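The lines below spell out each chain.
Number of protein chains: 2
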Amino acid sequence: MAKMTGTKTPRTARGERTLRALLDAAAAEFGEKGFHDGSISGITGRAGVALGTFYTYFESKDAIFRALVTDMSGRVKDHVAPAMALAPDPVTAEGAALAAFLHFARDHKEIYRIIDESEFVDPASFRAHYEVTAQRIAQRLRHAAEAGAVRGDVGEVHAWAIMGMNVFLGLRFGVWEDGADLDSIARTANDFIARGLKGGD
Amino acid sequence: MAKMTGTKTPRTARGERTLRALLDAAAAEFGEKGFHDGSISGITGRAGVALGTFYTYFESKDAIFRALVTDMSGRVKDHVAPAMALAPDPVTAEGAALAAFLHFARDHKEIYRIIDESEFVDPASFRAHYEVTAQRIAQRLRHAAEAGAVRGDVGEVHAWAIMGMNVFLGLRFGVWEDGADLDSIARTANDFIARGLKGGD
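Here the protein sequences come in this chain order: A and B.
Once you know that position 62 of the first sequence is 62 in the UniProt record's numbering, the rest is easy, because the numbers rise by one and skip nothing.
Once you know that position 42 of the second sequence is 42 in the UniProt record's numbering, the rest is easy, because the numbers rise by one and skip nothing.
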């Protein structure tokens, strides 16, 4: 788990488990009730920890919400990375990243509500989530360009375009529709990206 | 203006001007303060109309917010349509649509806050906004395919991908950065889309 402002870093394995339980409980609480109706007692009840324990880790409801956005951002990255590592080339890796993300969105539908609500609860976290994600995609595209796998002039516009595709495909097919064939959708989107990033005429 | 639930349709030109003034005032009020802190008296104050007049058109704060999402959705469409009509081919038209949308987002930065907040205030309007927009793009893509301008199997996945690109490029370069060269960004994105939608190997 990344270091988070307003969050005490646990020093023991047991402390790490408690922090993980609090963040998972916060995801369930805010995902179901939203930030305003969600409560610290709802979180500690779900996590099965005492109220005093909560304050060992977080100073407020705002602090755990902020930590949760950072945590979810990191969990998406960690979920997507192994799928990308197995891909034979950088463009296929983007498709693998999308497929992994679509499955993550289906299994963690609350992520949309939480990230989207952060625009209002904590605008800096909202912006940081997307800026960091776009920077990560842009860096991958630059490496792909250096390897000759995509056009040489890929940049920030392509990164934001690909991130936007992923976010909306995740909303439509991961969150809103339970029966969609996510791997087929990822293949269609990846073919679109692969052609789109080709150089030449 | 489209027919909206909870909204009385004005019968005179003066009535239409009042309704327009109320919707513009609501965009400013909710864009600045958000839904919860925004108020009917704030809206009537900005519009320069009496409180009683408000209730001639809308039954509640919820009703004008709902009407505003529908109105903004329609205004984007109306702003983008003339730019598309001038384009020489269906693929260039998508680029023209994006450029027009980026300029609209820069000039109406409140649209993001309002549409995004509708996810929490009025989820049905949020969903309808994106479903209608994606259907519009999908229909354009089908026409382009029939004209042989893009691959034959374009569909819903491509439409949601393009919409997601547009939304995130609008957020990043229209709303967050005032100095970005929007036409250059639209050209880069359109080149990406044009290549992405090509058929063949």
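Note that these hints are calculated values from the structure, not bench results.
Hints may contain errors.
As the list claims (entries may be wrong) - Residues from chain A that keep clear of chain B, each with C-beta distances beyond 12 Å, as calculated:
no. : residue
1   : GLU16
2   : HIS36
3   : ILE40
4   : LEU51
5   : GLU59
6   : HIS79
7   : LEU86
8   : PRO90
9   : PHE104
10  : ARG113
11  : ALA144
12  : ASP178
13  : LEU197
14  : LYS198
Said to hold, decoys possible - To list a few chain A residues with every Cβ distance to chain B over 10 Å, as calculated:
no. : residue
15  : GLY15
16  : HIS103
17  : ARG127
18  : ARG140
19  : HIS143
20  : ALA145
21  : ARG195
As the list claims (entries may be wrong) - Using 25 Å as the maximum straight-line C-alpha spacing, the simulated BS3-like pairs for lysine-lysine come out as follows:
no. : chain 1 : residue 1 : chain 2 : residue 2
22  : B       : LYS33     : A       : LYS61
23  : A       : LYS33     : B       : LYS33
24  : B       : LYS198    : A       : LYS198
25  : A       : LYS77     : A       : LYS109
26  : B       : LYS61     : B       : LYS33
27  : B       : LYS77     : A       : LYS33
28  : B       : LYS77     : B       : LYS109
Just so it is clear, the structure is predicted and the values come from calculations on it, not from any experiment.
Where a beta carbon is used, it is the ideal one built from N, C-alpha and C, also for glycine.
Fill in: Minimum Cβ distance from A:LEU197 to chain B greater than 12 Å, as the annotation requires
7 Å, violated
Worksheet item: Does the claim that A:ALA145 lies outside the interface with chain B hold up, using a Cβ gap greater than 10 Å?
Response: For A:ALA145, whose nearest Cβ neighbour in chain B is about 14 Å away, the distance exceeds 10 Å, so it holds.
Worksheet entry | Assertion that A:LYS198 lies farther than 12 Å from chain B (Cβ) | 6 Å, violated
Worksheet entry | chain B versus A:GLU16 - minimum CB to CB distance exceeding 12 Å, so not interface | 32 Å, holds
Worksheet entry | Pairwise hint evaluation, A:LYS33 against B:LYS77, where the allowed Cα distance is 25 Å at most | 33 Å, violated
Worksheet item: For A:PRO90, which was marked as not at the interface, is the minimum beta-carbon distance to chain B over 12 Å?
Response: 16 Å, holds
Worksheet item: Is it correct that the beta-carbon of A:LEU86 has no partner in chain B closer than or equal to 12 Å?
Response: 23 Å, holds
Fill in: Distance rule for A:HIS79, whose beta carbon must clear each one in chain B by more than 12 Å
20 Å, holds
Worksheet entry | Minimum Cβ distance from A:GLY15 to chain B greater than 10 Å, as the annotation requires | 34 Å, holds
Worksheet entry | Beyond 12 Å from every chain B Cβ - status for A:ARG113 | Since the minimum Cβ distance to chain B is about 8 Å, A:ARG113 lies within 12 Å and the statement is violated.
Worksheet entry | Interface exclusion of A:HIS143 relative to chain B, criterion Cβ beyond 10 Å | A:HIS143 is indeed farther than 10 Å from all Cβ atoms of chain B, at 18 Å.
Worksheet entry | Status of A:ILE40, Cβ more than 12 Å from any chain B Cβ | Holds: least Cβ distance 20 Å, greater than 12 Å.
Checked against the numbered hints given earlier, this structure breaks hints 2, 10, 13, 14, 17, 21 and 27; the rest are met.
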